[in-house]
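Residue numbers (our numbering), protein chains in the order written: chain A, 1 to 649; chain B, 650 to 749; chain C, 750 to 924.
These are calculated hints, taken from the structure and not from any lab test. From a predicted model like this one, the values you see are computed outputs, not experimental measurements.
Incomplete in silico selection of chain A near chain B, CB under 7 Å:
#: 1; residue: GLY623
#: 2; residue: TYR624
#: 3; residue: VAL625
#: 4; residue: GLN626
#: 5; residue: ALA629
#: 6; residue: PHE630
Distance condition first, Cα-Cα at most 20 Å in a straight line; then the derived SDA-like pairs of lysine to any residue:
#: 7; chain 1: A; residue 1: LYS559; chain 2: A; residue 2: THR301
#: 8; chain 1: C; residue 1: LYS869; chain 2: B; residue 2: SER653
#: 9; chain 1: B; residue 1: LYS740; chain 2: A; residue 2: GLY623
#: 10; chain 1: A; residue 1: LYS171; chain 2: A; residue 2: PRO239
#: 11; chain 1: C; residue 1: LYS915; chain 2: B; residue 2: GLU721
#: 12; chain 1: A; residue 1: LYS546; chain 2: A; residue 2: PHE438
#: 13; chain 1: B; residue 1: LYS740; chain 2: C; residue 2: LYS845
#: 14; chain 1: B; residue 1: LYS736; chain 2: A; residue 2: GLY623
#: 15; chain 1: A; residue 1: LYS547; chain 2: A; residue 2: ASN307
#: 16; chain 1: A; residue 1: LYS27; chain 2: A; residue 2: GLY108
#: 17; chain 1: C; residue 1: LYS869; chain 2: B; residue 2: MET650
#: 18; chain 1: B; residue 1: LYS736; chain 2: C; residue 2: LEU913
A few chain B positions that, by computed beta-carbon distances, are all more than 12 Å from chain A:
#: 19; residue: MET650
#: 20; residue: HIS703
#: 21; residue: THR716
C-beta: ideal position from N, C-alpha, C; glycine also.
Now for the letters of each chain:
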Amino acid sequence: MTSYIWLIPFFPMVGFLINASIGVKFKRSWIHIVASAAVGLAFLCTLLIFVDLLKLEPNARHIENVLFDWIIAGKFKTEIGFLIDPLSVIMALVVTGVSFMIHIYSGGYMHGDPGWRRFFIYLNLFVFSMTLLILGNNFLLMFVGWEGVGLCSYLLIGFWFEKDSAANAGKKAFVVNRIGDFGFILGIFLIAATLNSKGIWSLNFSVVFSHAGLFTTATATAVTLLLFVGATGKSAQIPLYVWLPDAMEGPTPVSALIHAATMVTAGVYMIARCNVLFSLAPITLDVVAVIGALTAFFAATMALVNNDFKRILAYSTVSQLGYMFMGVGVGAFGAGIFHLMTHAFFKGLLFLTAGSVMHAMAGDLDIRNMGGLKKFMPATFWCFMMATLAISGIPGFSGFFSKDEILWQSFHRGHLFVWALGTIAAGLTAFYMFRLTFVAFFGKPRMSEERKHHLHESPKVMTYPMMVLAVAAVVGGYVGVPAILGGSNRFEKFFEPIIGGGGHEAVAEVAHVAVHASHSIEFLMMGISVAVGLIGIAVAYLFYIKKPEIPVKLASGMKGLYTLLYNKYFVDEFYNGVFVEGTKKFATFLWQKVDVGIIDATVNGVAGFVEWSGLMIRKLQTGYVQTYAFSILAGGVVVFIYFFWESLF
Amino acid sequence: MIPSQAFFVVSAILFVIGVIGAITRRNAIIVFMSIEMMLNAVSLTLVTASSTLHSIDGVMFVFFVMTVAAAEAAVGLAIFLLMYRRKNTLKVDEFNLLKG
Amino acid sequence: MGILIAKWVVFIIVSLLAIISSVLMITRKSALHSALFMILTFVCSAVLYLLLGCQFLAMLQIIVYAGAVMMLIIFVIMMLDLKKETMFKTRITRTKIVGVIVSLVFMLLLMLMMGLNGIKGKAGTLASIGDAKTIGSLLFTHYLLPFEVASILLLAAMVGAVMLSKKKTMEGDME
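So here's chain A without its partners, still in its complex pose (with noise of 0.2 Å):
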């Protein structure tokens, strides 16, 4: 099977077809089968590749598929060739079988929606493009996944163009994924042009990372720190998470899928399949670091006094995502893959209860106009509490297990700014997210009497891919269970050989960083993330349960802080000021000074001479034959004087 990889991206991309080409004759339930079936023959296929790959030994697990060559340019030769390690199956694991989830759970949320089979064209687009950014064994490859995933996002995010507010998102989302994957792309030229002039004409990662020694450390910092602008891009970090937010425009699913579990995790597996070139460059992971630590913390205050349930679960997306950076940026690369497994479960499915409770909703997201939403839809209420409990970090659940296993690992290694901004976070991610349980599940509903009356569970072809990820974010995590609660964290064991590939020593030494502390310690890491954790619940049962007056008092009193929050930071509008109005006067001012003052000028100019020597000699042409006749007559006399000048000399 694993000679099989090709399959992977394959399905999609023939469900795509089918959908974008005789889809149009489909019956509606057709193109949903097709477009699910294909996401489901991927996941299959994945899936025995993993256990084939599971059979091999840990230092085997490492098989490439070349289909054919690609790109040949002079010496520089590059394929169209598939990589299957621990890290490509895990990610493709997760990115077929969260997206097969999601493709059931469309059928049902999109029902009726008059963009239908555009809606499953794009989504089979992205997971073929998700496929082939995974897969791709080579820079290239995988920077085409990266610009379809970008796409993808694109058009899905303005999925309803016709609302401004959705075509703006999708443009915002595209303009800055654009500049990351400006930074993107100047990183790989910088790989290639290093490694041309050493006489190595090759992108394929096995062929880079065994070259490994030779970027200086310079240089690697300086691809490192390229490529990393293309993971906040993509992945939306600070300075470039504005878009994420915004990207909740798009139809639930949709940002369940693209903006939670998969493509915005896209930066994390760049970086983490760039592990031998980052560890390189210590300065590159120190930022990795901040930069992830920085955004879990903002983005999760920014997530505090939200009203809007899908924006809450963007910043905390973000916030999320800040963690496996944090996780990357000490080197603990298997615990940033690891949290990403776990969250693309739990936030998945949490965005998957806000479109059923949007569905029932008819569409408001206000959770002030929520409220007792238990008792209307309990499959729902369940399955966002398992969610839930896992992004909190309560132990036993999966997302206990990663983060954890990030905040020890950022602690154990020294990272101690990394360690407390990610603990705080923590602290905050349990509060607003029981926040948002309490305010919309709990107490008395809220909303008008007509919209109660039509409240209902989601039909079971939402609630059952529902369940499907409620049991994956519960029990998601005991892959990696850590040695000191009894377990052999296998995935971290799983994940060895291909942190520092190509046996590159300097690599080797940031990467298992030998580091042989007490139990004691860890236990105390643990226990200190779990109460902040509870602290967070308690705090948050305190101001919406018990006493709902307070969290009033407090944004009163504390007015700045409630503001400043409320708004974001006025990033965006800081943003907006600054680049969009900046890019704008600079354009205006090209436009008008430039443009029109010099190369219209210049080119109306030479226009108007031509016209006015146009207008010059046309008076020449009198329509007088005797004039015409007359000129004859001077042009004999000029060749004759000519001649008679000949003559004489």
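Chain A is already provided as a structure; the job is to place chains B and C on it using the hints.
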């Protein structure tokens, strides 16, 4: 023999008189006749050359010039008829449709 | 010697007559008068051809030019009622003045060039260039192709003249 230069001078004078007629007169028929005059002057030159050089080529040229002049006269006069029908005049400065 | 003097006398008289009549031709108001002076000029040219020893062309000149072509012109003048065309004066414009001056310069140049240099070229061997036999035999041998082309030209001119002067009939006017 009379030197050929004498004939050349005469033909030059006749030619230039034809030119002056062609560019000053407004009556199309007189312009046309002036042009015939220019052709005639050229014919005279050719015959002179032929005679001086004892070669038949110039005469042959004149022969064909006459043919062309005859054809030109036929077509040209037909055109004058059309012009007259259209504008009821033959003043050449009334016809300036080709003005730029 | 006497013949030469006689030739000179004839030459001078005929040349002067030709010049005077051509000047008169371009200055007459009436087109008909111009045409008559034109005939006179052409006849003078025919005499000049005779002086050059080219009898055949002289005959041709009188028959084709002074006869046929001028006949045609006079015919057209008579057909068109050109009475009012004789009423307007020659308008003198700047272009015309300049044109006349340039023409005179042109004449001076011509006379200088041709008068000073005379004629140069490869001399032929023919004793006579004027008799019909020589011309005829050459015309049907060496100059056969141009001759045939000239006949096509004449045919085309004939058809063209008929087509042009025919009154246009509208499609619907057909009776």
